[in-house]
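Enquirer: So the chains spell out like this:
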Amino acid sequence: MLPTKYMWAINVFTLELRKYFTYRVDFWVNFLGRLFSVTVVSYFLWKSIFQYRAVTQIGGYSFSAMILYYLFSPITEKVIIGNEKDNGISFEIYDGSLSCYLMYPISFFLYKYVIKLAQSSFMVVQYFIALGGYLLFFQIPQDVSLSLLGLIQSIVLALIASFVYFTLLSLIELSAFWADNIWSLCVMLRFSTSMLGGILIPLTLFPNRIQNIIFYTPFPYFGFIPIQLAMGKLSHALLLEGIVCLFIWELVFLFLFYLVWLKGLKKYTGVGI
Amino acid sequence: MIKFQDISKTFKLHQKEPGLKGSFKSLFFRKWILKHALKKVSAEIKAGEIVGLVGANGAGKTTLVKILAGIIHPTSGSANILDYTPWNRHTEFRKQIALIMGQKAQLWWDLPAADCFLLLKEIYRIPKTKFNNTLDYLVSTLQVKDQLKFQIRRLSLGERMKMELIAALLHEPKIVFLDEPTIGLDLTSQNAIRRFILDYRKAHKPAMILTSHYMEDIEKLCRRIIIIRNGEFVYDGQLSKILSEHSQYKILTAKLASELPNTQQSTKFLSTFGEVIPSEIHILKVKVPRRKIPEAASEILKNFPVIDMNIEEEEIGVIIEKLQQQGLT
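Sequence order for the protein chains is A and B.
Here our numbering is used: the first residue of the first sequence is 1, the next is one more, and so on.
Here our numbering is used: the first residue of the second sequence is 1001, the next is one more, and so on.
Simulated from the structure, these hints should not be mistaken for lab results.
From a predicted model like this one, the values you see are computed outputs, not experimental measurements.
Keep in mind that a hint or two might mislead.
What the hints assert, rightly or not - Capping the alpha-carbon separation at 20 angstroms, the derived lysine to aspartate or glutamate pairs in EDC-like fashion look like this:
{"no.": "1", "chain 1": "B", "residue 1": "Lys1149", "chain 2": "A", "residue 2": "Glu16"}
{"no.": "2", "chain 1": "B", "residue 1": "Lys1104", "chain 2": "A", "residue 2": "Asp95"}
{"no.": "3", "chain 1": "A", "residue 1": "Lys19", "chain 2": "B", "residue 2": "Glu1122"}
{"no.": "4", "chain 1": "A", "residue 1": "Lys5", "chain 2": "B", "residue 2": "Glu1314"}
{"no.": "5", "chain 1": "B", "residue 1": "Lys1035", "chain 2": "A", "residue 2": "Asp180"}
{"no.": "6", "chain 1": "B", "residue 1": "Lys1025", "chain 2": "A", "residue 2": "Glu92"}
{"no.": "7", "chain 1": "B", "residue 1": "Lys1016", "chain 2": "A", "residue 2": "Glu16"}
{"no.": "8", "chain 1": "B", "residue 1": "Lys1104", "chain 2": "A", "residue 2": "Glu92"}
{"no.": "9", "chain 1": "A", "residue 1": "Lys5", "chain 2": "B", "residue 2": "Asp1199"}
{"no.": "10", "chain 1": "A", "residue 1": "Lys19", "chain 2": "B", "residue 2": "Glu1172"}
{"no.": "11", "chain 1": "B", "residue 1": "Lys1012", "chain 2": "A", "residue 2": "Glu16"}
Unchecked claim - Listing some non-contacts, in silico: residues in chain B with all C-beta distances to chain A over 12 angstroms:
{"no.": "12", "residue": "Gly1022"}
{"no.": "13", "residue": "Lys1031"}
{"no.": "14", "residue": "Tyr1124"}
Claimed, not checked - Just a few of them, taken from the derived set where beta-carbon distance is under 8 angstroms, the chain A residues facing chain B:
{"no.": "15", "residue": "Met7"}
{"no.": "16", "residue": "Pro105"}
{"no.": "17", "residue": "Phe109"}
{"no.": "18", "residue": "Val252"}
Glycine included, each C-beta is placed from N, C-alpha and C at the ideal position.
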């Protein structure tokens, strides 16, 4: 049970969730559009690669497992990163809307996170619809072990990772206190996450040396590791290691966020009001 | 309740030359200028007082309000509001203040007003019974019961402003900042909001700071005004005193039994007392220096068929405008 001082969070969460479910067309277009574009393109691309190289496995994935990876990739990305290009914090600083939130006796960071959590939770619904659709028409590949427990663990890890991603993105967005337009920084983060987070290609396809470096960063937790967990390709020891690693990264990002936030507030001019 | 001393605020702005050349140049070199929005301003406002903050655009009114509401930090100076420093943004401080901005929507655009209020109930942790009673009172006073279930973005400007007022006052703040609360509203809505603000003050005795370009807002709501010019206070005192201290003229109006006998000659005669203001053919209107009023009144009564005479103060708006432009003389 939440303490009374956080009851507003439940209200914000449900209001935000209601908003997402209200826009029915957006729900299906957004969901199917992204899913099909990624999965269908990947299907033909990897089919050619497998045929050309005449192998049964690439980077530890059979062809069917690779296609399943590309089903998990966009839906996991949506849970962790979401649809939006940013959290809106930079725009609120830019146009002065932040002033309204500064007046409320609640944490602005927490308020924005509750909105993000509602978005991620909404994406979990899409996650299960996509997976249900897959299981209805296709067989589970032999080198993949899908289980309800694995899926739930994967979603929980994805939700934890979404918090870390949110903190990192918010930290970057705070640079709007100093620079008017920080859109390019958000694009860079998103591109880095796609590349180093295993959303574009599984990280096992990178050379070992590069993989070793990538696994010290938080990026693999924004895609690759939750997907591996869902596909039954991650041990419990590695899962635990992942959670500890995420926790350490979160502490670093949170510390930096508050440092920059306090500095930035001194620079804030509240233009637009 | 509100006390601030020597508050200054300087903004650093970059100047860009117009055109493509200027834009390209600004990629490498930027010219920065310092804008002194507030220069060592001080004042004290007590509970139950509504102080009008008057000044031209860019004079520093909103900057001061933003500093006192804790939104921005001053460059120097100190403030004490309800024993808190506003820009430290203590939670207890934020629970006791409200800022209403006529030019900026603060409510959630996509939500019906009723949902916004419920959310604010949780944010300010208002007990259920108190929330229901306050909401009933505010909604009935402002007559917006029928609009509660519509999305904010579907309401008219006047209705939205009333909802903004309700949202800002639900938690019964002890400090209220009103930044242009009647801007863009029709006369009926302006009057309704003014009446409501006075009722709220009577019932809750908050300290209020009002900024407005509508002189009627100031005249009807404030007994005390602060005139701000280029970041400095040029007047801080009772509104009524402005007239006696800074009004150099009075308007003398005389109603005549018949038309002016010789218009040209009469105008020449009247202009010896002051500036003749064009008016109807049966009416004489002269802007006369205060010291010349007895002489002018007596001469007009002697020389014209006067059936009624009236001596009025100069319009307060004109005096304030003069002070805004020229400062104290």
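Enquirer: All the hints need checking, so say for each whether the structure fits it.
Expert: Now the hints, each set against the structure:
1. Using a Cα cut-off of 20 angstroms, the hinted pair Lys1149 (chain B) and Glu16 (chain A) holds, with the two alpha carbons roughly 17 angstroms apart.
2. The hinted pair formed by Lys1104 (chain B) and Asp95 (chain A) meets the criterion: a straight-line CA distance of about 11 angstroms does not exceed 20 angstroms.
3. Proposed proximity of Lys19 (chain A) and Glu1122 (chain B) is supported: the alpha carbons are some 19 angstroms apart, at most 20 angstroms.
4. Distance restraint check for Lys5 (chain A) and Glu1314 (chain B): the Cα-Cα separation of roughly 54 angstroms exceeds the 20 angstroms cut-off, and the hinted pair is therefore not satisfied.
5. This hinted pair checks out: Lys1035 (chain B) and Asp180 (chain A) have alpha carbons roughly 18 angstroms apart, not beyond 20 angstroms.
6. Distance check on the hinted pair: Lys1025 (chain B) and Glu92 (chain A) sit about 28 angstroms apart at the alpha-carbon level, beyond 20 angstroms; violated.
7. A threshold of 20 angstroms between alpha carbons decides the hint, and for Lys1016 (chain B) with Glu16 (chain A) the separation of about 41 angstroms lies outside it, so the pair is violated.
8. Distance restraint check for Lys1104 (chain B) and Glu92 (chain A): the Cα-Cα separation of roughly 13 angstroms lies within the 20 angstroms cut-off, and the hinted pair is therefore satisfied.
9. Taking the CA atoms of Lys5 (chain A) and Asp1199 (chain B), the gap is near 31 angstroms; set against the 20 angstroms cutoff, the hint is violated.
10. A threshold of 20 angstroms between alpha carbons decides the hint, and for Lys19 (chain A) with Glu1172 (chain B) the separation of about 29 angstroms lies outside it, so the pair is violated.
11. Taking the CA atoms of Lys1012 (chain B) and Glu16 (chain A), the gap is near 38 angstroms; set against the 20 angstroms cutoff, the hint is violated.
12. Taking the minimum C-beta to C-beta distance to chain A, about 16 angstroms, the non-interface status of Gly1022 (chain B) holds against the 12 angstroms cut.
13. Every CB of chain A lies more than 12 angstroms from the CB of Lys1031 (chain B), the least distance being 16 angstroms, so the non-interface label holds.
14. Residue-level check failed: Tyr1124 (chain B) sits 7 angstroms from the nearest beta carbon of chain A, not beyond 12 angstroms.
15. Interface restraint check: Met7 (chain A) against chain B, minimum CB-CB distance 5 angstroms, threshold 8 angstroms, status holds.
16. With 8 angstroms as the threshold, the beta carbon of Pro105 (chain A) comes within range of chain B, its nearest partner Cβ sitting at about 4 angstroms, so the hint holds.
17. About 13 angstroms separates the beta-carbon of Phe109 (chain A) from the nearest beta-carbon of chain B, more than 8 angstroms, and the hint is not met.
18. Given hint, Val252 (chain A) at the interface with chain B, is violated; its Cβ is 25 angstroms from that chain's nearest Cβ, farther than 8 angstroms.
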